[in-house]
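**Student:** Numbering follows our numbering, with no gaps: position 108 of the sequence shown is 108.
In short, the hints are calculated from the structure, not lab data.
A few of these clues could be false.
What the hints assert, rightly or not - 20 Å max Cα-Cα, derived EDC-like pairs, lysine to aspartate or glutamate: (1) LYS352 / GLU367; (2) LYS221 / ASP29; (3) LYS31 / ASP370; (4) LYS145 / GLU428; (5) LYS221 / GLU428; (6) LYS221 / ASP252.
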Amino acid sequence: MLLRALTLLTVSLLLPLMARAELIAGSSDPKIAQLTPMRNGLSAITLVWAIPDLAMNRVLSLNAGLSTAISSGTAEMSAFEAETYREVNGISLGISTQPTDIALTLTAPHAAFPDALAHLNALLVNPAFSQDWYKRQSLLLAPVKVTKNRRPSHVINVLADYVRFPVATDGTDTSQADYVFGLPHQIIIRTQERDPSPLIQTAINGLPLRNAPVPSDHAPKEPASLPKGIIFAPDSDGQETLIIAVHHSLFDTPEQQVRANLLMDYMGANQGSEMFRIIRQEMRAAYDPASVFRQTARDHALLALSATVSTPEWPAVLETIRTIYETTRAGDVGAQGLANNHRRLLRGFEYKFATNPSWSAMQFLFEYPDGTTGDVQIPLFSALVKAKLDEVAKQGADSLPPFSDYLIVLIGGTLPPSAEMQSDGYCELSLSQPLRRCLEQMNAAQQ
């Protein structure tokens, strides 16, 4: 049975209104992949839909729409009853966005998995779409003003959204959006059952198809880059400054990506790192120095180094971060520290694959965006297992970009960067403005 999207023909004087009851669905039977069972007593299923419009406002609207669909209850349960049912039975639902897809992952204990899938189906086929829930979810998902909360993780989240979805808005008013979720284009399942077909059918029974495939609007022609230079958001009432140096890197091979990940972890991913040892213990200049390697696509990642320091100390601490980075990139790496990080990263990959179905589905989608009927191989995993640590240290310059290519974000305090530092690119941001404004302005100036 096909369900056609209703279109709203009312014309707005300011912005076009979004279509009512937009159908998010594939146009053919979904591709199905069965990964190895998890090792924590749970089964999982991930439903994957293509995002029809990759402008950031539309992605946020779609995310809020899917959150609404799974939060509004079913034809037989109120929203409160449905939430209580999931809590009692150990069922969890989670949403994630990939560069071109939105994914919904359900996990449940093995014994409760069939009933959990029936519950998921009831949520998706329920025709009621609560605008109150949608407005609430839209507020929860609104971009964070990172100039106000100053958390490195939030800055990285905003930057990850920018490089994946560089178009901020398509001009559509999404405040009254309405969605129906039909058959996904991919399904990833992890269960102990040898034949998962009955379970899958329970989850997707009655979900509609589209008449024809719809290409994604506003897809970037090439990966978005971060500008070089400095963004400064002063705060006259603040006594501390968040420093974050970040680069969006594109890798030629999985081996190169693994080397970059290991070297970034060596610099600042734990209490044995160079940043922790030098900046916190020796300089006593920051309580949270850290590095981050955040994968954003199959061969793309954000590389970041951050610290929150007393405002007068930020120039010295930034210079120390630069020295640690350039020394590591040049191959001055302790063998034991690198070995510890390799072991930690490998165990982390194994643990996440065994227990985190959303993460493992993301890795599968990175490698097989159109699905596969053959054996599943994730080259990134193999590259990590086979990594030769002496080569990792020697090839730092091939794996990491020069520090001069990094974007530096400074939030808080009143000490501005020097004129020399501003010469490579500069944007000053008020605390009420989104970080994206400076990213767009600086990228436009450097193109």
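**Student:** Each of the hints needs a verdict: does it hold here or not?
**Tutor:** Results of checking the hints against the structure:
1. A threshold of 20 Å between alpha carbons decides the hint, and for LYS352 with GLU367 the separation of about 17 Å falls inside it, so the pair holds.
2. For the proposed pair LYS221 and ASP29, the alpha carbon gap of about 28 Å is over 20 Å, so the pair is violated.
3. Simply put, LYS31 and ASP370 have alpha-carbon atoms about 8 Å apart, close enough for the 20 Å limit, and the pair holds.
4. A C-alpha spacing of about 15 Å is found between LYS145 and GLU428, which places the hinted pair at or below 20 Å, so the restraint holds.
5. Proposed proximity of LYS221 and GLU428 is contradicted: the alpha carbons are some 29 Å apart, above 20 Å.
6. Proposed proximity of LYS221 and ASP252 is supported: the alpha carbons are some 18 Å apart, at most 20 Å.
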